[in-house]
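In our numbering, each number is its position in the sequence shown, counted from 1, plus 1.
To be clear, the hints were calculated from the coordinates, so they are not data collected in a lab. Careful, some of the hints might be misleading.
To be verified - Here are the computed lysine to any residue pairs in the SDA-like style, where the Cα-Cα straight-line distance is at most 25 Å:
no.	residue 1	residue 2
1	K349	T189
2	K301	P149
3	K341	N325
4	K397	S92
5	K213	G150
6	K209	K349
7	K213	T390
8	K251	N206
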Amino acid sequence: MEHKERRSFWLMSGINIFFFLVMTIFAGASILTTASFLIFIEAAIVGYYLFAHRFPRKTKAREWIDAIGFAVVAATLIRTFFIEAYTIPTSSMEKSLLVGDFLFVSKVNYGARAPMTPISFPFAHNTMPLIHTKSYTEWFSMPFFRLPGFQKIKNNDVVVFNYPFENGRPVDKKENYIKRCLAVAGDTITIVNQQVFINGVAAENPPKMQYKYYVKTDGTGFGQKILRSLDITEGGALSDKGDFEIFLTKASRDSLKRQSNVIAVDSTIQAPGVYADYIFPHRESLAWNVDNFGPLYVPKRGDVITLDTVNFWIYERAIKEYENHPTFEMRGDRFFIEGKEITKYTFKYDYYFMMGDNRHNSADSRFWGFVPEDHIVGKALFIWMSWDTNGKGVSKIRWNRLFRGIN
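Whole structure, please, built from the sequences with the hints as guidance.
Here it is in structure tokens:
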């Protein structure tokens, strides 16, 4: 090898050894697992340089090999530990974030999460493009470990995370979701007639938060020009008699009321005590729904809770799935892990409660519960591109949203 190549080789090998030490000493990973991964990566590094050495320097082939190798390594490190691009696929955050918004998400704000499934195809999250097979192998896996970050997750942060209720994939390969963090670890969240309360205090509502409304007209409908002027993009007719179900912000609701053909705009609040079986924790005795929910305590690391026949259902999945106690069970009014009776449980993770700003069109923590800290991916920073599929030509780009920060 030439001198420059040797420096590059030893730099990559040093990074490999550094992560071996971090995962072994600080993350508590098995020495056998980390040593196997160290050997695998080192073999890949050696193989790359032996292959590249077959091609003399200053040839086109060698230039392409070096350029591609550097680009893949650099992009992988940037995506894993610094910043990554995401797109908004659904309307759960309308109108704060729109379908077709492209975001940059910071990994460093909350601390980059070390790869838990480290052997995967570059630039593919969990599925290979075109052939739609798994983009990763589970031959090697690492325990959860997060590098130090600049800040803690705060109330109202917009956060990207792995969907916790998905089974069958490793944590870091579950689908990515984006929601607003309403309650952080240690908070108690309550929803009363659509208003969120955190620790008994009314939470700040996102300015573009949406709800579903029933709209009654004089029998006429709404033209596309009116809908665009009011920024209404979701909903439709319920009948041919002028009844509509429309998702509205406060501003668009007030504007719609002033339309000459509108008779009434009514909210769709689900009353307190009306049980919805699709709402977490899916117990009729709690009788929670999307508009009246809780109070629910969000556990933090080190919390000790006394178990009872009510909070068993609230914390069952967290203890079984996220904290890896699959034998946790209730027999009558007694509780067991691995057959040993317990009366208290100490949480080892922080948890979060996430909700979409499109409150009546968002599958969020009201439906499936807590997000554990090992599922957190990063903080949404700003929109770098926004693409409207209904536009034409240059008008497909939402110019007013480019490089806009996310609040």
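Going through the hints against the structure:
1. Of the pairs offered as hints, the one joining K349 and T189 holds, with about 18 Å between alpha carbons and a cut-off of 25 Å not exceeded.
2. The hinted pair formed by K301 and P149 meets the criterion: a straight-line CA distance of about 18 Å does not exceed 25 Å.
3. Taking the CA atoms of K341 and N325, the gap is near 15 Å; set against the 25 Å cutoff, the hint holds.
4. Annotation: proposed proximity of K397 to S92 holds, straight-line Cα distance about 18 Å (limit 25 Å).
5. Of the pairs offered as hints, the one joining K213 and G150 is violated, with about 38 Å between alpha carbons and a cut-off of 25 Å exceeded.
6. Proposed proximity of K209 and K349 is contradicted: the alpha carbons are some 36 Å apart, above 25 Å.
7. For the hint pairing K213 with T390, the CA-to-CA distance comes to about 23 Å; that is within 25 Å, so the pair holds.
8. The suggested pairing of K251 with N206 holds, with an alpha-carbon distance near 11 Å, which does not exceed 25 Å.
Comparing the model with each earlier hint shows violations of hints 5 and 6; every other hint is respected.
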